[in-house]
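Could you build the full structure based on these sequences and the hints that come with them?
First to last, the protein sequences are chains C and B.
Every number in my numbering is 665 more than the matching position in the first sequence, counting from 1.
Every number in my numbering is 665 more than the matching position in the second sequence, counting from 1.
Calculated from the structure, these hints are not laboratory results.
Because the structure is a prediction, the values reported are computed rather than measured.
Accuracy of the hints is not assured; some may be wrong.
Simulated crosslink set (DSS-like; lysine-lysine; CA at most 30 Å straight-line) [said to hold, decoys possible]:
| no. | chain 1 | residue 1 | chain 2 | residue 2 |
| --- | --- | --- | --- | --- |
| 1 | C | K1054 | B | K747 |
| 2 | C | K1118 | B | K747 |
| 3 | B | K778 | C | K949 |
| 4 | B | K1118 | C | K815 |
| 5 | B | K784 | C | K784 |
| 6 | B | K815 | C | K1125 |
| 7 | B | K815 | C | K1084 |
| 8 | B | K1181 | C | K1128 |
| 9 | B | K949 | C | K1125 |
| 10 | B | K740 | C | K1153 |
| 11 | B | K757 | C | K1158 |
| 12 | C | K949 | B | K1099 |
| 13 | B | K1118 | C | K1118 |
| 14 | B | K989 | C | K820 |
| 15 | B | K1118 | C | K1181 |
| 16 | B | K815 | C | K820 |
| 17 | B | K1057 | C | K1125 |
| 18 | C | K757 | B | K954 |
| 19 | B | K826 | C | K820 |
| 20 | C | K784 | B | K790 |
| 21 | B | K740 | C | K965 |
| 22 | B | K965 | B | K954 |
| 23 | B | K1180 | C | K1180 |
Protein chains: 2
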Amino acid sequence: MWCGDASLVPSTARVADHFSPVLPARCDTAITTWGGFHHASTSICCIYTGFSKALYLEVEFILLSQQGTRDYNPKQMAIREKVFDTIIRCFKRHGAETIDTPVFELKETLTGKYGEDSKLIYDLKDQGGELLSLRYDLTVPFARYLAMNKITNIKRYHIAKVYRRDNPAMTRGRYREFYQCDFDIAGQYDPMIPDAECLKIVHEILSELDLGDFRIKVNDRRILDGMFEVCGVPDDKFRTICSTVDKLDKMSWEDVKNEMVNEKGLASEVADQIGEYVSMQGGKDMAEKLLQDPKLSQSKQACAGLADMKLLFSYLELFNVTDKVVFDLSLARGLDYYTGVICEAVLTQTTSAPATQERNGPAGEEGVSVGSVAGGGRYDGLVGMFDLKGRKVPCIGVSIGIERVFSIMEQKAEAQAEKIRTTETQVLVASAQKNLLEERLKLTAELWDAGIKAEVLYKKNPKLLSQLQHCEETGIPLVAILGEQEIKDGVVKLRTVATREEVDVSRAELVEEVKKRCQQL
Amino acid sequence: MWCGDASLVPSTARVADHFSPVLPARCDTAITTWGGFHHASTSICCIYTGFSKALYLEVEFILLSQQGTRDYNPKQMAIREKVFDTIIRCFKRHGAETIDTPVFELKETLTGKYGEDSKLIYDLKDQGGELLSLRYDLTVPFARYLAMNKITNIKRYHIAKVYRRDNPAMTRGRYREFYQCDFDIAGQYDPMIPDAECLKIVHEILSELDLGDFRIKVNDRRILDGMFEVCGVPDDKFRTICSTVDKLDKMSWEDVKNEMVNEKGLASEVADQIGEYVSMQGGKDMAEKLLQDPKLSQSKQACAGLADMKLLFSYLELFNVTDKVVFDLSLARGLDYYTGVICEAVLTQTTSAPATQERNGPAGEEGVSVGSVAGGGRYDGLVGMFDLKGRKVPCIGVSIGIERVFSIMEQKAEAQAEKIRTTETQVLVASAQKNLLEERLKLTAELWDAGIKAEVLYKKNPKLLSQLQHCEETGIPLVAILGEQEIKDGVVKLRTVATREEVDVSRAELVEEVKKRCQQL
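Printed below as a string of structure tokens:
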């Protein structure tokens, strides 16, 4: 029951209005997705009983999630940092540069690039000046950047947040603010070499992140289009049939066929012919076989795609990654702008829980399977849309489904009850006796100046026990204990928190000793 | 003269309208602030001659800047990364965690926190759902985060972009999107220990960044208020007189006095008394002296502030940073929410140019001197504004004026004609002969798998010269050259780009050899 100062809660009524219709959905989301926030999900149930003063903050917290965003606490940040570090190291190993673009673009830059998803673009309020929108992905800003700066060659990565005005109440844990993590190679090069490198990068990152076994499916838009052509799909239905094919990882063939025939008006025999092709999976051999296929070989673009697929696999063999790569004729990808090779990585042992916490696929793209953790493809026409003369800059890129990876890592950490450190402090400077604050501060500064990560409690006379507890809680491995005697002797007692073992170390050797021990840990 | 497809430039007319009134200002800005973009500033002048097709993209580029944002190219990103790395290492050395908050907050979270600057808040368009605004700084979201999660103790840093709807045409190079880089300690602790650590951090960061000599001015809001009190400033004029005092680093005392007396209605004798105090600078000794000051010692809060200042300096002595810290009674800081110690770091050998490129002080706060590169203070009341019971969480924080630092670093790099590498590639895998693409790819993959940063040109048969040129241009120090003979002998020719020296290295030892040489570089 609310009994506080009403002026403090201007939106209580609005909050209540807001919640009642969506509460069942929110409860569900809260319980399945807010791993770390048990007190929050519990309190949602209490909303039914009305607002109590103490609950207001929880309600505000829910509102935050209602708006489709979230805070990252230090634990989540520690996981995020580790994942970014692995990915960025890989991108740098491959010689990539990085760029950054503003979080908002001119509205007209984004207009007409995302088809019907344009309704999900966040606009800024017209407060005078240009009309602006929050970026929807990193690919369109990249293409705008290349055209604007007349760049024809670049290998770049870009990790940043993008924004989509999805309805979070309806989409179970989809965030309106989420990270994309893109690697792209722009430039006119000999065929399939950059394409192979992109797949190699996906292979390296997924292996290093250790998310479990995975497959990287590849296909080519030209092969798909050629297949539609020879099966008798009318030209103007290529894209819509393509997006139906794309659902094969979530729906049975019967349902997909049903959609093709009954919703999209394809002849049943045509659908059946497509059905034969899209059940095929293989490797280089399959590309060779399909090049001999009496029907498919009649399509010029299918042949071009298949020849490139053969070439791609020969490079992938050299890169030693064919164990995970599958040529899969059912892979279609949602985005319109792909013009050649497309790819998508899926985890083969998907745990069910993480699927609720991130978007419906890598980088929030539509129509990719729930186990998907990376995706991409070749888009040779997009940059030209920003160039007045339509000069094309061929591009291929992959996007790591980083939000998905975060949530898998978070789940993993929770499942293993793994203690995640949120600081990197190596040593706490402590004392067992009173009136040694000055000595503690002096020693701490010495350690900082020597590059040691050190902490000291902000108390004049902390108890030794509370100092040791701080180490236990935050995972600090070492304690440098000062006492009158130690100060007289020019030593500190260096204690290893895990073993409780203590040895006297001379002040002069403390820095080296701390470094040595931290290396061993 | 425009003679292209008009449909491609829907906004030509609007662009022209937009520019004519602001062009002189823009030209100025372009020349002084767009260091790296000479072709852009040149082309602005051409706008007067009308739009040519080729100019359109430049105009678009100007528009980007018109909206107050910018792209960061790889060179700028490399500098940015280096600066962030130095700063984050320091924060971690001091045991800080990090958090992240969404780029937009509920509009009501920001309302009433920034005084008249609230007009600079970017609102999102009402597209249904909550009313949202882009964050204006990182401090209010931090306070909201603490209150919402009932956190009473944390030492955290947060580096992220914030948004202000300044008029970029009027404010010479002020960006509407810029980074803030905040370190804060929240919690109820013994006095002045966290405060001293914050100053130590500023000292460490500015020393490490090597921006030239600097001073860290400190003062205390309680001392300022006590001074106003004993000088006879009416209570309701404390804040406004405070902001006039804050202008002393940009205006002469005469002008400041003039503003106090003529604009703000202070008695001339009162102003003169203030004038005596604010000309004082010193250290611990000055705090001691002022504690004996017959007038100032009559103010309870001044005495509390001065006693703490004495204590602060005793800790700063232990931290060995008193060489740079000055107790300066003229330091006032613009923000209302400070309640205790305030500080500001200034470069003492300010070059004039960078001042145009960043905001008017650290972290975009108002009313700080142009040479300012860091600032902060104690704000014990802000978190309580987000807590229903008004529970206070005392906080002290500093903000590094990171945009300022970027532009100084960029200028420095340009002045020294320093070649900044934008990639970290250690070795290029090359060949002198034709038909060795497969061998190059195989070797490159071996290097990647061993953790070596390697590149290979995406060409079937690149010339050796163009491969070597790529190394020169991008700063790759080593080339691993493959030829028929080398392949037969199981070696590669390892070439040092700088010295042109070449030696045969066995394939088995290549990885170790590359690592060794890169360590030596």
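Hint check:
Note on K1054(C) and K747(B): the hinted pairing is violated, with a Cα-Cα distance of about 38 Å set against a maximum of 30 Å. Between the alpha carbons of K1118(C) and K747(B) the distance comes to roughly 19 Å, so the proposed pair stays at or under 30 Å and holds. Taking the CA atoms of K778(B) and K949(C), the gap is about 63 Å. The hint is violated against a cut of 30 Å. For the hint linking K1118(B) to K815(C), the alpha-carbon distance of about 27 Å falls within 30 Å, and the restraint holds.
Annotation: proposed proximity of K784(B) to K784(C) holds, straight-line Cα distance about 28 Å (limit 30 Å). The hinted pair formed by K815(B) and K1125(C) meets the criterion: a straight-line CA distance of about 25 Å does not exceed 30 Å. For the hint linking K815(B) to K1084(C), the alpha-carbon distance of about 22 Å falls within 30 Å, and the restraint holds. For a cut-off of 30 Å, the pair hint linking K1181(B) to K1128(C) is broken: about 49 Å separates their Cα positions.
Distance restraint check for K949(B) and K1125(C): the Cα-Cα separation of roughly 20 Å lies within the 30 Å cut-off, and the hinted pair is therefore satisfied. At most 30 Å may separate the alpha-carbon atoms for a hinted pair to count; K740(B) and K1153(C) exceed this at roughly 53 Å. Restraint check for K757(B) and K1158(C): satisfied, since their Cα atoms lie roughly 24 Å apart, inside the 30 Å limit. Restraint check for K949(C) and K1099(B): satisfied, since their Cα atoms lie roughly 25 Å apart, inside the 30 Å limit.
A distance of roughly 29 Å separates the Cα atoms of K1118(B) and K1118(C); the hinted pair therefore holds under the 30 Å criterion. For the given pair, K989(B) sits about 44 Å from K820(C) by alpha-carbon distance, which is inconsistent with the 30 Å threshold. This hinted pair checks out: K1118(B) and K1181(C) have alpha carbons roughly 28 Å apart, not beyond 30 Å. Between K815(B) and K820(C) the CA atoms are separated by roughly 45 Å; this puts the pair beyond 30 Å, and the hint is violated.
Taken as a hint, the K1057(B) and K1125(C) pair is honoured in the structure, with Cα atoms around 22 Å apart against an allowance of 30 Å. Distance restraint check for K757(C) and K954(B): the Cα-Cα separation of roughly 57 Å exceeds the 30 Å cut-off, and the hinted pair is therefore not satisfied. Distance hint between K826(B) and K820(C) is fulfilled; the C-alpha atoms sit about 25 Å from each other, no more than 30 Å. A distance of roughly 13 Å separates the Cα atoms of K784(C) and K790(B); the hinted pair therefore holds under the 30 Å criterion.
This hinted pair does not check out: K740(B) and K965(C) have alpha carbons roughly 43 Å apart, beyond 30 Å. Distance restraint check for K965(B) and K954(B): the Cα-Cα separation of roughly 16 Å lies within the 30 Å cut-off, and the hinted pair is therefore satisfied. A distance of roughly 23 Å separates the Cα atoms of K1180(B) and K1180(C); the hinted pair therefore holds under the 30 Å criterion.
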